[in-house]
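Asks: Residue numbers (the working numbering), protein chains in the order written: chain A, 20 to 581; chain B, 8 to 142.
If you're looking for bench data, these hints aren't it; they were derived computationally from the structure.
C-beta atoms are modelled at their ideal positions from N, C-alpha and C, and glycine is treated no differently.
One or more hints might be untrue.
What the hints assert, rightly or not - Listing some non-contacts, in silico: residues in chain B with all C-beta distances to chain A over 10 angstroms:
no., residue
1, 30
2, 69
3, 91
What the hints assert, rightly or not - Okay, derived cross-link-like pairs now, DSSO-like style, lysine-lysine, Cα gap no bigger than 30 angstroms in a straight line:
no., chain 1, residue 1, chain 2, residue 2
4, B, 68, A, 570
5, A, 131, A, 339
6, B, 68, A, 339
7, B, 68, A, 131
8, A, 73, A, 570
9, A, 381, A, 50
10, A, 339, A, 50
11, A, 381, A, 339
12, A, 73, B, 62
13, A, 131, A, 570
14, A, 505, B, 62
15, A, 339, A, 505
16, B, 68, A, 505
17, A, 50, A, 73
18, A, 381, A, 131
Single-letter residue listing:
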Amino acid sequence: MNAIVLVVIGLGAFAVGYLVYSRFISERIYKLDPDFQTPSHAMEDGVDFVPTNKFVLWGHHFTSVAGAAPIIGPAIAVIWGWLPAFLWVVFGTIFFAGVHDAGAIWASVRNKARSVGALTADVVGPRARSLFMIVIFLLLLMVNAVFGVAIAKLFISFPSSVVPSWSAIVVALIIGYLIYRRGVGLLWPSIIGVAVLYFTIYIGDSVPMQLPDQMFGLAANAQWIILLFVYAAIASLLPVWMLLQPRDYINGLQLFVGLGVFYLAVIVLAPDVVAPAINDAVPDGTPPIVPLLFVTIACGAISGFHGLVASGTTSKQLDKETDVRFVGYFGALGEGALALVAIIATTAGFATLGEWQDIYNKFGGGSLTAFVNGGANIVSEGLGFPREFSVTLFTVMAILFAGTTMDTGVRLQRYIIQEWGTIYSLPILNNNAVATLLAVGACLALAFGAGGPTGAGGLIIWPLFGTTNQLLAGLTLLVITVMLVKFARPVWYTIVPLTFLLAMTILALLFQLWEFYTQAKWLLLCLDVVILVAAIFVALEAVSAFMRERKQAMLTGPGAAE
Amino acid sequence: MTPSVIFVREWEQQMSSSGCCGRLQGDLLGTGKNRVFVERRRIMEAMGPLYQTIKTRFGPKVDVTVIDPRNLVSLIPRLIGDFFRYRVSPSQAFATLSGVSTQTVIVNGRIYARGAWPNPNVLVADLMRLSRRSA
Chain A
20 MNAIVLVVIG LGAFAVGYLV YSRFISERIY KLDPDFQTPS HAMEDGVDFV PTNKFVLWGH
80 HFTSVAGAAP IIGPAIAVIW GWLPAFLWVV FGTIFFAGVH DAGAIWASVR NKARSVGALT
140 ADVVGPRARS LFMIVIFLLL LMVNAVFGVA IAKLFISFPS SVVPSWSAIV VALIIGYLIY
200 RRGVGLLWPS IIGVAVLYFT IYIGDSVPMQ LPDQMFGLAA NAQWIILLFV YAAIASLLPV
260 WMLLQPRDYI NGLQLFVGLG VFYLAVIVLA PDVVAPAIND AVPDGTPPIV PLLFVTIACG
320 AISGFHGLVA SGTTSKQLDK ETDVRFVGYF GALGEGALAL VAIIATTAGF ATLGEWQDIY
380 NKFGGGSLTA FVNGGANIVS EGLGFPREFS VTLFTVMAIL FAGTTMDTGV RLQRYIIQEW
440 GTIYSLPILN NNAVATLLAV GACLALAFGA GGPTGAGGLI IWPLFGTTNQ LLAGLTLLVI
500 TVMLVKFARP VWYTIVPLTF LLAMTILALL FQLWEFYTQA KWLLLCLDVV ILVAAIFVAL
560 EAVSAFMRER KQAMLTGPGA AE
Chain B
8 MTPSVIFVRE WEQQMSSSGC CGRLQGDLLG TGKNRVFVER RRIMEAMGPL YQTIKTRFGP
68 KVDVTVIDPR NLVSLIPRLI GDFFRYRVSP SQAFATLSGV STQTVIVNGR IYARGAWPNP
128 NVLVADLMRL SRRSA
């Protein structure tokens with residue numbers, strides 16, 4: 020099977036999904052009304068509420084949703100073969116993510132652009148806000164731990180990436196100073212900054228950096244994880260203009276350059292997929308494909324965090340309600356296209372099946388390495404880039420995305436801890452240093468608790484992250500479903516994804532609960548229990564909210580909410 | 008030809024790398040002393056009266072767009088379109104591309120103001136002159 024076939028089928032399916040299914044959802048289910056006065060017009064103020072052309076808004080929305088997770092999930096999931104991952108990405112994007120992302124915008128627009136968090140509280144009840152923040156905190160905890168582990172593994176596997184990755188911080192600091200303190204124009208510092216970054220990538224192979232195999236009793240992997248969290252702690256305390264804001268310019272350019280380079284290389288090279296369609300020789304210890312596939316690939320099939328983006332800014336800029344289809348649904352397709360990149364890189368970027376099996380010898384073991392090596396092979400053979408440059412390029416791209424998430428994640432965790440300090444009258448939690456130490460400490464405990472003394476096994480956390488992300492998506496789908504009931508519209512198109520997600524989430528949690536128990540991984544077991552309780556709560560609230568609204572709709576008459 | 012006004016300014020949100028996993032926007036912008044993007048918020052709020060004045064005064068007679076400069080996939084094509092539409096010379100186009108900052112007003116493909124929002128009345132007067140000239 021040639022990778023071009025996968026590209027054509029995948030992107031072709033997305034096109035059909037957009038032309039047919041999104042039109043059906045928009046016209047028959049959400050009944051998007053071009054004459055409905057969106058909040059951007061009703062509350063137009065030039066500050067938060069600004070009617071925006073749909074093409075401009077799509078660019079904003081897509082740049083906001085893209086990240087590293089559509090890479091990691093599929094890169095892990097192809098261990099079961101390329102076909103299941105491909106099918107879940109394609110069908111998940113068309114029937115789940117598109118409906119979810121578009122529905123989140125629609126639900127927010129119909130409620131004065133209020134956020135999903137606020138709407139969840141209305142629909143589910145006052146406890147929902149606390150549940151929401153607990154789910155977010157757990158998400159951040161897991162993603163920080165996983166990304167710390169993932170970046171450390173990349174530094175060890177590809178020492179050429181160390182200098183460029185840390186140089187990117189210096190580049191970002193300089194860009195931040197020039198743009199936000201000296202008022203220099205944005206374009207040239209960004210372009211020059213990215214060019215300098217690519218130069219350091221080019222010379223990265225000449226200056227590989229490795230930490231000692233052992234230092235203070237810590238293996239190199241463990242040393243990197245700790246260093247990364249020290250970085251994340253410091254970065255999260257810096258004013259945002261210094262480092263976080265300028266990274267938006269570097270990462271944005273990298274995203275589009277990376278996507279463009281990779282797809283061009285695939286078209287030119289037309290590599291063959293060497294991985295099996297269905298892997299009937301999965302390594303020992305690989306969990307069952309059902310339900311784990313559906314929580315291993317979250318972003319790229321459906322991601323709860325997109326609901327936050329949709330209802331945070333996008334809904335405040337939506338010009339016409341009918342633009343929901345292009346901005347929300349098409350934005351989800353873009354994410355699916357990113358996931359396809361990961362699938363192709365990790366299944367078609369190797370010369371032989373044996374080479375692929377050497378990397379995929381353990382669940383979660385080779386995923387990022389596979390992405391980097393496979394992607395680099397395709398780009399270097401397809402476009403003639405030196406292989407080492409390509410390897411470092413892909414590694415640094417993944418690291419920069421993940422590193423930015425760590426900075427943000429620790430910062431957000433600190434905010435949530437401080438909010439709890441206020442709610443529960445614990446003033447010590449309001450101290451920045453204390454809250455940051457607690458956040459970082461929790462992440463380190465998870466990374467080493469899950470990954471062992473070196474932290475190297477930490478990617479085992481990823482499915483738990485996926486379940487929590489799906490839970491967030493479930494909350495959003497619940498809000499959309501309740502609104503459809505109020506409007507007396509068919510609910511199958513959201514209830515089926517909602518039920519499927521909750522079922523897979525709960526099954527995956529139960530399966531992993533048993534695994535963690537038998538392997539005596541008590542920290543992960545506790546985390547699993549917390550998420551399981553939250554998932555069961557969401558499932559019960561979903562049933563209760565649905566029945567309540569249905570009864571109310573029957574009493575008030577069809578379409579009364581409109 | 009309808010004059011084009013592009014307000015370039017950042018939105019109060021993070022816009023990279025964390026779409027799936029945690030980002031600073033919406034409910035997650037912090038409160039009180041933890042409020043993030045204070046400077047951006049100030050720029051957004053300062054732009055409000057300027058935007059409202061132009062929209063109220065001209066309505067659809069002036070094409071007003073607000074674009075986040077991080078939204079390169081939209082900003083660059085829009086600027087290039089304006090360069091052709093309003094016959095901006097290559098040197099002026101270069102100056103526009105080079106000069107876009109976190110607070111910029113671009114009128115008909117040329118930088119009108121950067122670093123600070125202009126006086127609304129002055130912008131109104133200049134747009135009226137442009138409208139008369141093109142009429």
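Asks: Would you list, in rising numerical order, the hints stated earlier that this structure does not obey?
Replies: 1, 4, 8, 9, 11, 14, 16 and 18
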